[in-house]
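Listed below are the residues making up each chain.
Protein chains: 2
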Amino acid sequence: MYRSHTCGELRSNHIGTTVTLAGWVQTVRKFGSITFVDLRDRYGITQLLFGEELNKVLDENPLGREFVLQATGTVSERSNKNPNIATGDIELLVSEFKILNKSAVPPFTIQDDTDGGDDLRMKYRFLDLRRNAVKRNLELRYAVNRAARNYLHGNGFMDIETPFLIKSTPEGARDFVVPSRMNPGQFYALPQSPQTFKQLLMVSGYDRYYQIVKCFRDEDLRADRQPEFTQIDCEMAFVEQEDILNMFEGMIKSIFKEVKNIDYTEAVERMTWEEAMWQYGNDKPDIRFGMKVCNLKFPAHTFPTKQSQSALIDGVDFKVFDEAETVLAIAVPGCSEYTRKQTDELTEWVKRPQIGMKGLVFIKCNADGTYKSSVDKFYSEEKLKAIADAANAKAGDLVLILAGTEERTRKATSELRLEMGKRLGLRKDNEFKLLWVLDFPLFEFALEDQDGGGAGRWVARHHPFTSPKPSHIDIMINNSPKVDDLDKYLEHPYANIKANAYDMVLNGNEIGGGSIRIYQRELQEKMFAALGMDAEEQQHKFGFLLGAFEYGAPPHGGIAFGFDRLCSILGGSESIRDFIAFPKNNSGRDVMLDAPSEINNKQFDELQIKLDLK
Amino acid sequence: MYRSHTCGELRSNHIGTTVTLAGWVQTVRKFGSITFVDLRDRYGITQLLFGEELNKVLDENPLGREFVLQATGTVSERSNKNPNIATGDIELLVSEFKILNKSAVPPFTIQDDTDGGDDLRMKYRFLDLRRNAVKRNLELRYAVNRAARNYLHGNGFMDIETPFLIKSTPEGARDFVVPSRMNPGQFYALPQSPQTFKQLLMVSGYDRYYQIVKCFRDEDLRADRQPEFTQIDCEMAFVEQEDILNMFEGMIKSIFKEVKNIDYTEAVERMTWEEAMWQYGNDKPDIRFGMKVCNLKFPAHTFPTKQSQSALIDGVDFKVFDEAETVLAIAVPGCSEYTRKQTDELTEWVKRPQIGMKGLVFIKCNADGTYKSSVDKFYSEEKLKAIADAANAKAGDLVLILAGTEERTRKATSELRLEMGKRLGLRKDNEFKLLWVLDFPLFEFALEDQDGGGAGRWVARHHPFTSPKPSHIDIMINNSPKVDDLDKYLEHPYANIKANAYDMVLNGNEIGGGSIRIYQRELQEKMFAALGMDAEEQQHKFGFLLGAFEYGAPPHGGIAFGFDRLCSILGGSESIRDFIAFPKNNSGRDVMLDAPSEINNKQFDELQIKLDLK
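If you're matching them up, the sequences are chains A and B in order.
The first sequence begins at 887 in the numbering used here and counts up one residue at a time.
The second sequence begins at 887 in the numbering used here and counts up one residue at a time.
Incorrect hints may appear among the rest.
Pairs count within a copy or across copies, as identical chains cannot be separated in the list.
As the list claims (entries may be wrong) - Listed next, the in silico DSBU-like pairs over lysine-lysine satisfying Cα-Cα at most 30 angstroms (straight line): (1) K1009 to K1412; (2) K1192 to K1244; (3) K916 to K1280; (4) K1500 to K1488; (5) K1412 to K984.
Please keep in mind that the hints were generated in silico from the structure rather than gathered at the bench.
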């Protein structure tokens, strides 16, 4: 037996007992003829005291950081207690010890504030994983895993494993493929999600399915994307949207409770996609704070039901606004006294390429009731007040106005809002606000080729298995998907079809998304056709699903949560990589393993493939 | 809302209430002007009664098998109750119904005794999954999953996900590989197991790790092998073999209790590998019954510590035994009265190519104390009695004797023992007997090339990370692995090194295996070198692990259970395929998906590979 207790276990009630510990040397401190060693394991740190005699042994066999040590001795009361650690009342008076393994000097310190850079820590990930900060993340990840499983189990869900070696059906993201040695010339694909399998399980009558499962997408890695990632994947039969929303806000609340001890008792807010875009310029708004967008001007077709406010800005011959497709404002609370330097800095911020605006107009709503603006020469104080009022600005606020094309301006306004929210401390780490975003458009229109499927065509916004809202099914059935004039695709009836789809948003991050699915063969075929698949392609790629729909498919729907992302938000971090034991870098490499790597000729021969390097 | 209750839920206390059910039409029975429908879902079957009026509607919209139906009505007492189903006391008097989806006639019946053959059921797996028999298997699988997780969680294990896109380190089984688009010319491999990652996690201090995880091996598929399979994968630090054995027999007992309600209170038997081979001819003996092997003759080097009994058979000039390397016997209880036809059939059985023996010698130990044998002309009755006594035969038993080369004869005897055990009903489905097999040889000697590593060399019997028994480490350190005379490899010191490895055997099946690992860089390098890897290859393949061992690796060990196999044994089936939702066939194909399949030119272009078909 290597140990009788862990390094986090001993308390004053153990004083006098003989115990054996094993762990890693965190620090060694010598004071004259005695030595203190902090011994660390997964459970904590215990102070070891080596008296005069053993100290001599240590002189000949010096301990280094990260040595693996086994020590037996008597638990004793500490003279100067350390209230910061759970074992701080005691120390172990060592009578016997054994160095189980030595350690070279680590390339960085194993501490919360390590001196190791990103690359070094990734190369020595096995050492980085020893740091408390990383350990806490993985412990949180396991707690979320456990809480999700317990909730789903308690609600009658069954974990059913779906295959990893499946069929390549390229569209949307790229598949990773796996050459088959036993079927030369043919390839498996790794699943981008278990989507079709979980739908088949509903057809099979399994009713409530879940899986916490790896998925794979061979995409160019933007920051914080991983080629392999984990989903909490769920599906239910005989349900409507309302059933799913209730079930899964229950799951997230249960995770909050179990993992963070947060009682999230209020109902989760709901908002249509259109309202989210209108109020926040974004389909995953952070609703921890207000600062809603004031839509001064926008293209009529974008929000057909909304009233234009362009009268507020028109008629003064201010070309920037007159020529812009869209003009949006936000009122930043309490910032009316920004200096020239501060407003200049904000202007530079929105002109950065990531934001891409040409400039920033501001109105200071002074505390004394006067208004001051960067466009004073165009707008009277009265007009400025009217605009500020429209933006819901109070005395002391700063109104920021952006103008340009619809998509870019809306995105920029959303980003500016988030940035100001962050600067003002309105996006608090320990506040969690959930939101359901509903009624997404079923289709997007690809003006340019996105995925090899050709330009000028409809693509599924969620995926091709998403059902239209029941009242919109007829629009799909009764209209051809053909778009004659690409410039006017927004006027095509398909542009108005809304999906029975929903996203769960947490603090401005999409943590989950799903939909009620199509379960009738005819409608599924119509959908595939709308996306440009002819009957042959449909049969080749999804024949099994269309076939399954002929044998009594029940109504069903589901959702998938991004497990890595969910953990990172709960852990208060921006980076999912911090919550993955062995992540890959932005080139998809595991720098610790040095993977991917070359394979040998025997492997090429057996797989009957060869390289074709450009 | 599609339903208020499930089809397995209603009891007599619901009588009089109005409910809505949804499910699949199992059967339709018309009696004059009324119709009975059995409606099925995951939870059970409920009888629906359609009265005269609705019956007319049904006449115009006839229901077929597997239609998806929603029905509302009043729960009523049944006139003729069905005690065989939980809902048999009631029926639903339908007032309203809706056909949610139609179904074509299924290609086979959705019943326990279906009329569908294997191939058909695999093609329509989504229908096969509706059958009770298959559903029970997947429910059992989930119950085992859940029980294992709960036990491991309760014992402080953490589920930590390890990567699927790793590095190819071919040896032993073949890797599946995945071309990397972002790193042209390079490939990931899919993990054969998370072995090195779980060891790194021990180096990182995570102490108790588990995962229920998919693994991949590109092997030629023998019956009942799958290219992707699931392991319960576990590792512990600061442990000795005894700790692991205790922890994991606890897990299996806990699974027995949770899943089968079996109290497996007795200690799990233990046996060395040598004893298992000696007593059963097999390293995974089924110990539900005796019929142990009598080793009449065997090569001295195989069991150096054992006494030869060849005096019993020598000296009568019976060439078959005299020329055989090995002669083994078993005493089959109560079969002394086998007819000529029966012994002939047994002789044919051992001569089948899978068994490969040249013949079978038998001794009938008659009830009257006389002995009759197929080799009467060589052996006196006295000698026959001596042999029978050595085989532990009683009056009424039949002694079966096989002779030939050591390996084949031992294997054949083991197979014959299992076959006779089966015929005599000694291998009971509902009896479960666990066994630890210990002290495996560390090395095997590959006389022929097995995996491209070359012939005439040592290969790791378990894997290259397995530690020798502590007392055998010196043999490894102090001897060169070089074998000068291939014929005498058994005399090389390495042949006697035993591993700190253990297998868990259940009813004659290996359900788990593991070892205490090497955790010192020098010993690991020695092991790699013994297996024929030079320093460069070691560094290329396992540099990260050797590196990790330099920074304070703790003593550690672990085990992996074959989850599919464990489920199939607990479910009383021979086939793991029955316990996998979407299995592949013996050519590694998913016939439902039609995968693997061809990929398109764009995919080849992006991956910068091409076919090289022979």
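Going down the list of hints, with the structure as the test:
1. For a Cα distance limit of 30 angstroms, the shortest separation of K1009 from K1412 across copies, 25 angstroms, qualifies, whereas the shortest one inside one copy, 50 angstroms, does not.
2. In the homo-oligomer, the alpha carbons of K1192 and K1244 lie at most 30 angstroms apart inside one protomer (26 angstroms), although the nearest pairing across protomers, at 91 angstroms, exceeds that limit.
3. Proximity of K916 to K1280 under the C-alpha cut-off of 30 angstroms is found in neither arrangement, the shortest distances being 63 angstroms within a copy and 75 angstroms between copies.
4. Taking the shortest Cα distances, K1500 and K1488 sit within 30 angstroms of each other both inside one copy (23 angstroms) and across copies (14 angstroms).
5. In this homomeric assembly, K1412 and K984 come within 30 angstroms of each other (Cα to Cα) only across copies, at 24 angstroms, whereas the closest approach inside a single copy is 72 angstroms.
Of the numbered hints given earlier, the model fails hint 3 alone.
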